[in-house]
Amino acid sequence: MAQAIEQFVPDRATVAMGVALEPLIPFAAGHEIIRQGRRNLELVGPISDSLFDQLIGAGCVRRVTAAWVGNVSEGLGHCYRRACEQQVPGPLEVHDHSNFSISLALWAAAWNVPSLPTRTLLGSDILHTNPDLSAIDGLVHVKAVRPDVTIVHVQRADELGRAHAWGPLGVSEEAGLAAGRVVITCEELVESSVTLSDPNRILFPETKVVAVVPEPGGAHPSPVQGFFKRDHAFHREYAERSRTVEGFEAWLRQWVLDVPDRAEYLKHVEVDSLRITRPLPSVPADFGYE
Amino acid sequence: MSKGGPAAYTAQELMVAVASREIRDGDLVFVGMRLPILAYAVARNSHAPEAHGLFEVGLMRDQPASAFLGTMGDPPNVAGALWATRMSNAMALMAQGQVDLGFIGGAEVDRFGNLNTSYVGDPNRPQVKLPGSGGGADIAILSRRWVTLMSHEPRRLVERVSFVTSPGYGDGSSGWRKRNGLLGGGPVAIITTLGVLRFPEGGGEAHLASVHPGRTVDEVLANTGWRLQVSDAVSETSAPTESELASIRLFDPEGFWTRS
Numbered sequence: 001m002a003q004a005i006e007q008f009v010p011d012r013a014t015v016a017m018g019v020a021l022e023p024l025i026p027f028a029a030g031h032e033i034i035r036q037g038r039r040n041l042e043l044v045g046p047i048s049d050s051l052f053d054q055l056i057g058a059g060c061v062r063r064v065t066a067a068w069v070g071n072v073s074e075g076l077g078h079c080y081r082r083a084c085e086q087q088v089p090g091p092l093e094v095h096d097h098s099n100f101s102i103s104l105a106l107w108a109a110a111w112n113v114p115s116l117p118t119r120t121l122l123g124s125d126i127l128h129t130n131p132d133l134s135a136i137d138g139l140v141h142v143k144a145v146r147p148d149v150t151i152v153h154v155q156r157a158d159e160l161g162r163a164h165a166w167g168p169l170g171v172s173e174e175a176g177l178a179a180g181r182v183v184i185t186c187e188e189l190v191e192s193s194v195t196l197s198d199p200n201r202i203l204f205p206e207t208k209v210v211a212v213v214p215e216p217g218g219a220h221p222s223p224v225q226g227f228f229k230r231d232h233a234f235h236r237e238y239a240e241r242s243r244t245v246e247g248f249e250a251w252l253r254q255w256v257l258d259v260p261d262r263a264e265y266l267k268h269v270e271v272d273s274l275r276i277t278r279p280l281p282s283v284p285a286d287f288g289y290e
Numbered sequence: 001m002s003k004g005g006p007a008a009y010t011a012q013e014l015m016v017a018v019a020s021r022e023i024r025d026g027d028l029v030f031v032g033m034r035l036p037i038l039a040y041a042v043a044r045n046s047h048a049p050e051a052h053g054l055f056e057v058g059l060m061r062d063q064p065a066s067a068f069l070g071t072m073g074d075p076p077n078v079a080g081a082l083w084a085t086r087m088s089n090a091m092a093l094m095a096q097g098q099v100d101l102g103f104i105g106g107a108e109v110d111r112f113g114n115l116n117t118s119y120v121g122d123p124n125r126p127q128v129k130l131p132g133s134g135g136g137a138d139i140a141i142l143s144r145r146w147v148t149l150m151s152h153e154p155r156r157l158v159e160r161v162s163f164v165t166s167p168g169y170g171d172g173s174s175g176w177r178k179r180n181g182l183l184g185g186g187p188v189a190i191i192t193t194l195g196v197l198r199f200p201e202g203g204g205e206a207h208l209a210s211v212h213p214g215r216t217v218d219e220v221l222a223n224t225g226w227r228l229q230v231s232d233a234v235s236e237t238s239a240p241t242e243s244e245l246a247s248i249r250l251f252d253p254e255g256f257w258t259r260s
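Quick note, the sequences are listed as chains B and V, same order.
The opening position of the first sequence corresponds to residue 1 in our numbering, with each subsequent residue numbered one higher.
The opening position of the second sequence corresponds to residue 1 in our numbering, with each subsequent residue numbered one higher.
Errors might be hidden in some of the hints.
Unchecked claim - Ranges between beta-carbon positions, derived for each pair:
1. V:R155 with B:S192: 25 to 31 Å
2. V:P49 with B:L139: 26 to 32 Å
3. B:D198 with V:L82: 16 to 22 Å
4. B:P91 with V:E50: 29 to 35 Å
5. V:H47 with B:P281: 34 to 40 Å
6. B:T277 with V:F256: 18 to 24 Å
7. B:W111 with V:P253: 23 to 29 Å
8. V:S231 with B:R253: 52 to 58 Å
9. B:N112 with V:H47: 44 to 50 Å
10. B:V245 with V:E50: 29 to 35 Å
11. B:P114 with V:R24: 38 to 44 Å
For the record, the hints were derived by calculation from the structure and aren't laboratory data.
Computed from a predicted structure; not experimentally measured.
Beta carbons are placed, not taken as given, at the ideal position from N, Cα and C, and that holds for glycine.
Work out the full structure, taking the sequences as your base and the hints as a guide.
Structural data, given as structure tokens:
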């Protein structure tokens with residue numbers, strides 16, 4: 001993980017994360033970005049739960065291009081508020097989107113066009129605060145947003161970058177296609193015979209993928225279908241402790257800065273109570289051809 | 001609390017019950033987060049067995065999840081789904097006008113049903129930075145009708161919102177939505193902790209339609225940031241039925257959403 005972040009997430013990079021919305025958020029990758037002290041990142045995503053709030057509070061971010069930044073089950077993002085209202089820990093530029101428009105911005109980049117038209121956002125003041133949106137003749141034109149790197153967490157992947165994810169996908173596909181590079185973190189590293197047995201389930205073309213990091217539990221506290229439930233109590237504790245700068249900094253030391261890696265982090269989480277133990281497998285598709 | 005006895009139900013439980021009654025049988029409902037997740041479950045288990053739920057994370061369902069949901073993307077909401085897909089596919093249905101009803105949470109709403117979930121004060125130097133639209137603006141613009149739920153306080157129900165994240169009826173003038181190219185019909189109700197506000201057919205300004213049991217019209221007016229019109233036919237909101245409460249408590253057993 002450290003190597004992947006070191007190599008593919010430089011200062012000033014545009015980074016898409018949390019692209020499956022509430023599930024599969026690459027928290028472990030985000031925490032490694034914080035530990036390595038990245039600065040002046042632009043974060044791109046629809047909602048990201050509390051990951052963007054943490055990166056903002058840790059001083060890694062200069063701009064957020066997103067539909068929503070907060071804590072999904074708890075409400076406000078306190079670090080996000082401090083950055084926007086008090087420039088603490090530093091000033092933050094915000095490009096507001098809706099969920100639909102951030103998807104379109106990524107599809108525009110994926111299809112290599114300057115913008116895509118839509119009927120959403122007509123009548124919304126978001127049109128006036130985000131320079132990437134313009135209303136012309138009854139349509140809103142959403143300018144392409146091209147991440148330098150998209151980081152996703154998935155259930156399984158092989159070492160050549162074929163990732164299998166299941167459950168709702170949010171904006172994962174367009175975020176991967178739009179990006180210059182894709183970094184994958186996964187619960188399980190599997191043989192190619194597993195991923196290639198179901199090519200419909202492969203999330204991205206392997207030509208986009210530059211790193212595959214086996215990182216079990218790497219999405220905690222967000223859920224991973226078939227592996228982990230969402231840790232609601234962890235989100236609640238983060239919301240309470242991040243209300244003050246001092247509280248947030250203590251939280252950050254405890255869960256990020258003083259923790260070398262995800263394996264050590266997970267020793268302090270009640271993993272067993274979150275693990276999904278009752279399988280509910282799909283029926284395999286038959287790819288027979290002769 | 002109800003008049004009938006100590007803590008028979010909470011304000012949130014009443015709001016969920018009222019919200020569930022907005023769902024008609026056969027509706028495709030854009031469910032959203034928090035209390036509406038419970039409202040969909042209640043409606044589906046009572047008067048709207050054919051209602052489908054659509055979730056922007058990329059899910060469609062025709063039955064409530066079988067366990068508690070903290071978010072729409074929690075694993076129980078995926079198991080048994082009719083469709084697990086990408087967000088743009090869910091948005092495609094809404095862009096085609098196929099979503100009958102949407103739910104949106106809000107921090108501030110005004111007399112014309114415009115919602116602010118972005119900035120209190122100057123966006124360049126906000127007093128409060130709220131989380132943003134999420135899918136709220138999309139629902140407000142594209143769904144055929146929508147409902148919002150919020151705590152009834154003067155700072156939340158304001159004369160005019162300073163920032164329109166999710167448009168209702170704009171400046172309240174006749175035909176504002178159509179003139180501005182908005183596809184959907186707009187808000188039909190604001191369900192609060194004190195009562196229910198509704199809008200005239202075709203849009204415009206909200207009026208008080210019902211007051212929750214144990215609350216008064218004066219209390220509602222005192223907690224509203226504009227001179228709220230009161231319907232001649234203002235009534236008392238029907239309390240949650242036993243079966244509505246049983247459904248709510250089945251899907252929120254710890255009271256995470258409705259008793260905290």
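Exercise for the section: Enumerate the violated hints, using their earlier numbering and listing them in ascending order. Expected result: 1, 2, 4, 7, 10
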